[in-house]
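Each chain, written out:
Protein chains: 2
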Amino acid sequence: MAQPSAFNASLDLQFERLIDIRPELVWSAWTEPEHLVHWFTPAPWKTIDCEIDLRPGGIFRTVMQSPEGQHFPNLGCYLEVVRQRKLVWTNALGPAFRPMVLSGSTVGEGAPFAFTAAVSMEPEGRGTRYAAKVMHADEAARKQHAAMGFEGGWGTALDQLVAYMKNK
Amino acid sequence: MAQPSAFNASLDLQFERLIDIRPELVWSAWTEPEHLVHWFTPAPWKTIDCEIDLRPGGIFRTVMQSPEGQHFPNLGCYLEVVRQRKLVWTNALGPAFRPMVLSGSTVGEGAPFAFTAAVSMEPEGRGTRYAAKVMHADEAARKQHAAMGFEGGWGTALDQLVAYMKNK
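In the order they appear, the protein sequences are chains A and B.
For the first sequence, our numbering assigns the number 1 to the initial residue and increments by one for each residue that follows.
For the second sequence, our numbering assigns the number 1 to the initial residue and increments by one for each residue that follows.
Calculated from the structure, these hints are not laboratory results.
Computed from a predicted model, the values in this text were never measured in an experiment.
We put the CB at the ideal spot given by N, CA and C, even for glycine.
Honestly, I wouldn't trust all of these hints.
Unchecked claim - Covered, in the sense of this in silico footprint (three residues per stretch, anywhere, with C-beta under 8 Å from a C-beta of chain B), are these stretches of chain A:
#1 83-95
#2 125-137
Stated by the list, open to error - Restraint-style ranges between C-beta atoms, simulated for each label pair:
#3 A/E16 x B/D49: 33 to 39 Å
#4 A/E34 x B/Q70: 53 to 59 Å
#5 B/G155 x A/E32: 45 to 51 Å
#6 A/A146 x B/Q70: 36 to 42 Å
#7 A/A131 x B/A147: 40 to 46 Å
#8 B/S10 x A/D49: 24 to 30 Å
#9 B/K168 x A/D49: 49 to 55 Å
#10 A/A131 x B/G149: 44 to 50 Å
#11 B/P112 x A/P67: 38 to 44 Å
#12 A/A146 x B/F72: 31 to 37 Å
#13 B/L18 x A/A146: 48 to 54 Å
If we strip away everything but chain A, and leave its shape as in the complex, we get (with noise of 0.2 Å):
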């Protein structure tokens, strides 16, 4: 397992929470598309389609649609795959680890940029210590990220996450 790195606040961006469903369920809801499609995106946003081959260089690909009907298709590949525990991955490279054409600096408002993304589940009591970790190349891709919303979107995204697999 690749040694987690020390955080870094000038170019990550973090979010950490428990939750009360066991840590199987959360890996399923990030695992399986038919679940993931559920509560990936912060309503009124839809996870419409969704791709998973979940090994180091699978694909991991969704399309979000706005409100507005508009697509925003996402792709990257998977690059450490701990079952039940870590999910980590990138948009830097797609299937087979091929490179993306993104800059993994910010070239302008809106524009696309990298970043790789850590998602860790460890059980705690009765439920899950959940923690997201976003890692980007340079600082203002980081303020990017955070102008649209992280922390308020992983938090939507996440509550929409246990309150369907509650029920699973």
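Using the hints provided, position chain B relative to the given structure of chain A.
Frame of chain A; chain B shown alone:
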């Protein structure tokens, strides 16, 4: 292990040769800095520094020196490490998988471009079937890499590797 992807002639470069040293020696040459610096850069260029943390997300850093004495640092991380068989790394991500400030696409002549490289070594007879594949984000990056002398460069470096490791 990530599934090997098909060769894409417009995006990839490849190189294959049968060499007369065993895969174990090829592996050592690629993964031990004290060996790597002796063969990695076609003479009269030199590799004057090398750092290797041999695991997915671990650093792969080299510094090349031109005949005129100029230094060219290269930073990336490993993506796949299969002992004595396969090594995959990229310069699109740095240590701990952090994205790098690099354009996937070529932004101008001499500009850095992202690539992912895979080197494989399979026993064949008393030697090794040695193959390298380098993937790019777009055709411009592939062409730039080809124009830099990919095939000649990797061929000369491999000659140096074999000559150096034969004496180990």
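> Which of the listed hints are broken here?
Replying inline: Going through the list in order, the structure violates no hint and respects every one.
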